[in-house]
Structure formats: structure tokens, C-alpha cells
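Engineer: In order, the protein sequences belong to chains A and B. So the first sequence is residues 1 to 271, counted in my numbering. So the second sequence is residues 1 to 344, counted in my numbering.
There may be inaccurate statements among the hints.
[Claimed, not checked] Derived lysine-lysine pairs resembling DSS-like cross-links, with alpha carbons at most 30 Å apart:
1) K128/A <-> K60/A
2) K225/B <-> K128/A
3) K60/A <-> K26/A
4) K54/B <-> K60/A
5) K79/A <-> K26/A
6) K225/B <-> K79/A
7) K128/A <-> K79/A
These are computed hints drawn from the structure, not numbers from a lab.
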Amino acid sequence: MTDNLSDSRIQVRDLSLDYGNVNVLKALSLPIARGKITVLAGPNGCGKSTLLRAIRRLHKPAAGAIFLEELDIARLNDKQLARQIGLLAQSPSAPGDMTVEELVRLGRYPHQSMLQPWSPGDSAALEKAMSGTGVTHLRSRRLGSLSGGQLQRVWIAMVLAQETDVVCLDEPVNHLDMAHQLDCLDLVRRLNREFGRTIVLVLHDLNLAARYADQLVFLRDGAIAASGTPEELMTEAGIRTVFDVRSMVITDPVHGRPLCIPLGTDTVLSA
Amino acid sequence: MSDLPSTLTVARAPLALAIMSAAFVLLALSGVAFGSTWIPLDQVAGVLAGFGEKTQNIIVLQLRLPRVVIAALAGGGMAVAGFLLQKITRNSLASPGVLGVVDGAALGVVIFLAVLSDESNSLVTSIAYQPVAAMAGAIIAITLVFVLSGRQASSAIRLLLFGIAVAAVAKAVTMVMMLIGPIYQTSQAARWIAGAVNEVNWGEIQITAIAMVPVMLLVLLAARKLPPADLDEVSARGVGLDLPLFRILIFALAAGLTALAVAFVGGVGFIGLMAPHLARLLVGRNVYAGILGSFLLGAIMLIGADLIVRVLFTPIEVPAGTVTAVIGAPYFLFLLMGKQRHDG
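Turn these sequences into a full structure, and let the hints steer you where they fit.
Structural biologist: Here you go:
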């Protein structure tokens, strides 16, 4: 990798963030690579979801700033920001009687205004997003009639229709079964490889993180514990430091990525 | 019905709106025709076109038309307010009544009547300021709901609960004010609280209409931004809806509309709950169709309620609000029971 700074799409600079009196993020700095998949991981309460939401400006920082290139996101209005960064929420919800197409159309919302009503460009983006995620045949279906896996694809289609260069996803596979987890993350990888989007992903599962990440970031106690390639981070010592878990790390014989086999915890977790 | 493709939903809206408009016109004409003397519809049309004879002119233009017009404005206004609240809270149980706005307005009216009357029980100021008092009460109530719910305001359920609490307090204070107040004020206040469209004159209609026009224009302007409000808060903000601020704007508009609607007519119940809910079932998700449909249905409901009390109870003037309450309360229960299926 060449000069890290000029290669980064997003710069988190000295970001501190509080929930009430609790200091959740502590003067955290992180460059996020352009056109790569960056996965934020860490134990519960480490601040990974908070960091993702802060990048999308859903939380106001106590100090520090987030830059898109050289642009401070605090200077953008809501729609401008929504044209730059898309977000798939951790547990998104929409009315069950809404149709797939109606939901995906909402992705075009930041591109419209009083002077710019629905245009052929919006229709093209809508169709592209639906076909790119394989939900075109579902367009007239009500959301309430879809399976969990289908529904997640539709939400990704909505974020894709937004046509943002950066896409943030907050634990997108949490409530999906194994097949749909892979299906969903393969789709995210296609957004990155085919559509060239910069992806920031919060994932709970370390092995999934290692499998899909170009850049892996470990957080602990509101700070960056480590950042690098999965091979650099997924070591037995590294996992023990961040997660308090003793493990064996082998190389996944199929994908060549590191694979963590947890052995036990260091600490006795209280009930 | 849940399997209808969206193309049908789109085509359905204009048809539903056309039928509603026809029903509205028919009901409005009937509202003028019915009364102690029946005036045939063609003669009603004649008077409205300026060809009526003198007694009919007086009956139609001074007695009957005003109550039809104010019923349309008030019913429609309350329905649109309910539409906005249901949309922004993502909850079909939200209504101006549940959110404390109407009870706040009632308290405003009672305080106005109590404070600004002299010893001989006559108002020291013009009755024209009564809607101002209703408006102030409504806005204070909705502000209280928001301030008290604070950070919980993003939860529709919490907002509803705080609304119910504020409404209960306002209702209690209103009751105390009425009990300790002079009889004249008590009956004036009671009439307001039940909600009746008689005794409204053209001057009051003018005030209502003139004040409602800019609020409705603002509603139509804001409607453009409403579609993402169907989503959860994070997703809605994700596509660029400036949510905490926009929600406050919508609540303020709904409170303003409600206050204007109830100012002269009083606390007509449940129209703000039923009309937007039915409108959404009939016209689908488009916000402009939803607003127009809600207005028409709200107008239809209040004109119809007034017609029912006139036909059933003449010559006693029973407030039209009693009819909407009798029909609306079971509807609310029905909604509440059916809601379980959609939650979770």
C-alpha cells in the first residue's frame, strides 16, 4: 500500500463521542481505504456500531471530526451527506404493506427536491439497484410477505439505489441463517468489486470478518486496538488481547483467509 | 387485499378520490337540504348559484350552509392533522385527540373564558380571540408532550403515552375550571368540548379558512419530505430526512391544524383517527393522495355526523361530536386489537 492518507476515502480524526456521561469513543483516528471493504470488529460495547453511526453523522461528536476526502461532513446538509454515504441500519423497519419497489424508490430520496422531481435517471438507478441485488422479480411484493433473506436484499437494494460512493452496513447478517449470511455478504462484496463502492461493515463474527475484509479494524473500549489486513490482525495473541479469548488460528484451506477456532475465555464472565 | 400489486394501488387512488369527492358534494348538498323544512336539492343549487327566493336564501345561506362549511373545514383539518401524526409516528393509533392537542385546546378555551370575563359574566374581549386561546392551548400541550418525552420522543409509543398523560392533566384542570366557573362559562365550555357545528357564523368561518390556508400550504410543502418517514428513524435519516427537526415541524403543523379545526367547533372526537386510517386503506401510500383523501373523508364524517344529529334529534341541538365519538370509540378498539398482527 502506498501513502495511506491519499488513499483513504474517509478520515476519522481524533473522534470523541459521549452518550450522556459515558465516553464511548476516545480520541479515535482511523483512515478508511477507498474502494475497499473495511470491517469494524470488537467485543460487545467496544464502540464499533457507534463509530459506524458517527461516520454517517447519526451521532454528534464531542470532539474531532470526520472527513470525506478533505471535506468535513459536519459542513454538509442532510441530503448532501445522504448522496455521499449510504447506511443500512442494524434493524431497519418499514411497513409490512409497503411494496419492494416503494422501499427501493426511497433510496432516490436524497437525489430529489422540489426542483428535481422523479426523473429518468432515478428510474434507471432504481432498476439498476433492483437487478444488481436480484430483487426485480419481487418489485410488486409486499415487504411483509418476504423471507428474512429476501428482505435484507431489498434493503441493500434501497441503499444501492442511493448511489453513494460509501456504503455503511451495521451488522447486516445478525439475524440471518448461514446460507443467507453468505448470500448477503457475497452481495456486499459485489457492491464493492463490481460497483466500486467503499464499504464499511460492522460484523460480529470474526471468521466472516476475516473472510470478507480487505481492511480489518479491531476496536476495544472505544479506541482502535489494531488495524490492518486480516492476516496481520488475526493472530492468537491479537485475538486474546482484544477479545479475551484463547484461540487457535489456522489458514482456511478453501479461501486462504485466517480462521479462528476459539478455545476458551480468559475471564470468567459474570452472569 | 395484501397481495394486490402496487400498480393496482396506484390506479386505485384517483378512483377512490373521485368517489370521495362525489360523496362529499352530495353530502354537503344534503346537509343544506335537510332541516326543519326540506329544501329540494335543485333549489339548494339554485340558491347557491344566486337564484333563490328570499326565505330560502336566509335558511340556506345563514343557517345551514355555515354549519356545512365549518364541518368540512374542521373535519378535514382534523383528519389531515391525524394523517400527519400517523405518518410521522408510524403509528395508526396516533391522532390529535390521543396526543393531547385537543384537550390542551379545550383548556385554552376554558381559561380564556374564565380569565377574560368580568363580574357580570360577559367577555371583556371579543369572542374572536377564542380560537387564539385554543391554538395557544394546543401548542403548549404538544410542546409539553415533546419536552417531557425528551430523548424518548423518537419512540412513537412513548410519545403516545406522554400525550395521553398531558391530555389527562389538561382534562382534569379543564374540569376543575368548569366546576368552579360561573354557569354561563360552563355551558359555553361544555358546548365547545362536545364539539358542535351549529352557532357558527360566517365571520368565524372566514377566520378559520383564512388561517387554515397558509397552514395547509405548509403541509403540502412539507408533504414532499414525508415518504421516508415510513422507515425507522436510522433508515429515514440514512436517506437524508432531517428527522429530529422535521418531526417537530410536522407536530407543529398538526397542532396548528387541530387548533384551527377545533377552535370554533370544539373537540370533535376520533375523526383525526378514523379518516386518515381509512384514507390510507382506500388510496394507498402516496402522501398527496393521502392528504386529500383524509381531508375529504374528515369533511364527509363531520358533515355526516351533523346530518345524523339533525335528522335524529331535531328540534334538540345535539352536538355532532357525540356521533363521531359513538362511532369512533369502537373503531379505535378495533384498530388496537388488530394492531398486534403488525407489531414485532
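Engineer: Looking at the structure, which of the earlier hints fail to hold?
Structural biologist: 1 and 4
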